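S.K.: Quick note, the sequences are listed as chains A and W, same order.
According to our numbering, the first sequence is numbered sequentially starting from 1.
According to our numbering, the second sequence is numbered sequentially starting from 1.
Worth flagging that the hints you see were computed from the coordinates, not collected in a lab.
These numbers were taken from a predicted model, which means no experiment stands behind them.
Among the hints, erroneous ones may be present.
[Claimed, not checked] Below, a sample of chain A positions facing chain W; criterion: calculated Cβ distance under 10 Å:
id : residue
1  : 19
2  : 24
3  : 36
4  : 39
[Unchecked claim] Just a sample of chain W residues kept apart from chain A, beta carbon distances all over 10 Å, derived:
id : residue
5  : 19
6  : 82
7  : 86
8  : 88
9  : 147
10 : 167
Yeah, the Cβ is synthetic: ideal placement off N, Cα and C, and Gly gets one too.
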Amino acid sequence: MRKKRDEIGDGAEGLGPELGRLWASAPVPKAPSWFAVRTMARLRQEEDSKKSWFGMPRWVLIGTGLALLAVGWFRWESQPTIRDAEVFAALNAFVEEDRESRWWAGL
Amino acid sequence: MAEDRESKIDDALVRRMAEGDEEALRELIVRHEDRVYGTVARMIGGAGPDAEDLAQQIFLRIWKAAPKYRAEAKFTTWLMTVTRNLVFTFCEARARRMEVSEEIVDEETEETIQRKESVAGRTPREDLSGKELIEAVERACAQLPMKQRLVVHLREHEDMDFSEIGEILGISELGAKSLMFRARENLKIKLSAFLTEPS
Numbered sequence: 001m002r003k004k005r006d007e008i009g010d011g012a013e014g015l016g017p018e019l020g021r022l023w024a025s026a027p028v029p030k031a032p033s034w035f036a037v038r039t040m041a042r043l044r045q046e047e048d049s050k051k052s053w054f055g056m057p058r059w060v061l062i063g064t065g066l067a068l069l070a071v072g073w074f075r076w077e078s079q080p081t082i083r084d085a086e087v088f089a090a091l092n093a094f095v096e097e098d099r100e101s102r103w104w105a106g107l
Numbered sequence: 001m002a003e004d005r006e007s008k009i010d011d012a013l014v015r016r017m018a019e020g021d022e023e024a025l026r027e028l029i030v031r032h033e034d035r036v037y038g039t040v041a042r043m044i045g046g047a048g049p050d051a052e053d054l055a056q057q058i059f060l061r062i063w064k065a066a067p068k069y070r071a072e073a074k075f076t077t078w079l080m081t082v083t084r085n086l087v088f089t090f091c092e093a094r095a096r097r098m099e100v101s102e103e104i105v106d107e108e109t110e111e112t113i114q115r116k117e118s119v120a121g122r123t124p125r126e127d128l129s130g131k132e133l134i135e136a137v138e139r140a141c142a143q144l145p146m147k148q149r150l151v152v153h154l155r156e157h158e159d160m161d162f163s164e165i166g167e168i169l170g171i172s173e174l175g176a177k178s179l180m181f182r183a184r185e186n187l188k189i190k191l192s193a194f195l196t197e198p199s
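Sequences are here, hints too, so could you generate the full structure?
M.R.: Put into structure tokens, the structure is as follows:
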């Protein structure tokens, strides 16, 4: 049962009898047939689109991928840098070692 | 009493939806599809794919928001509030999208004047064909500001009281009544050719 509109001031608070009749002459469209079925199908489609590989939500996979990339990038940035002078010093050390070895060997 | 029972059924369905019961959503859609679709169609200016898409979005939003639903107000008030939000957003976006050229506006104005002139010479409603009257009412409805249109629809078609309408629009009961008053005055002017009573 539909609710009855306020009796007092009906004309003042609604469209009034004549305008109300005019307004009612334009019918309000009804939902098309199969509306419920189509809406349910859309719901399932949207729910499926949220799922991804291994039944995990797509945002979890994307988030994990981004986190791994971020960790990799920070580690790359924080690795020690080697100057040219340090490389040459290391090579010289090898040469020195070679000379000493030869001297000990009596060569 | 019957209304309370209906409201309790809706609340129970929303609780089931909150637990992920899709059948509850289907039942809820069947119960309210005409109400939602009709309101959307009335607000956006006619039935069609846009109205169906919007009405579907409304039910999907209800589905997503079901776990957060608290039965503080009637379910239909919540449903209509969601409807209002989506419809207003749609209408605003459409208004921004559509760049109505001056010519089109002029054409419409001219058409309206011609229409008024064509009916002015006749005696009111009795002479007019049903189709002409329906077109005039739909045109007048489309020309109302969004809030006024919604108030008139909720009041005249959904038989809602002003406190409920105010809640849906986020305004006071008095504000809703004021919108109704302005809508009535606008409609009287726009439909003056069809009225027998002096406006």
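S.K.: For every hint, state whether the structure bears it out.
M.R.: A quick look at each hint next to the structure:
1. 19: holds, 6 Å
2. 24: Holds, because the Cβ-Cβ distance from residue 24 of chain A to chain W comes to roughly 7 Å (cut-off 10 Å).
3. 36: holds, 4 Å
4. 39: holds, 5 Å
5. 19: With a cut-off of 10 Å, residue 19 of chain W remains clear of chain A, as the shortest Cβ separation is near 15 Å.
6. 82: holds, 14 Å
7. 86: Nearest chain A Cβ is 14 Å from residue 86 of chain W, so the label holds.
8. 88: holds, 19 Å
9. 147: The assertion about residue 147 of chain W holds, with a minimum of 16 Å to chain A.
10. 167: holds, 15 Å
Going down the numbered hints, you'll see the structure goes against none, and every one checks out.
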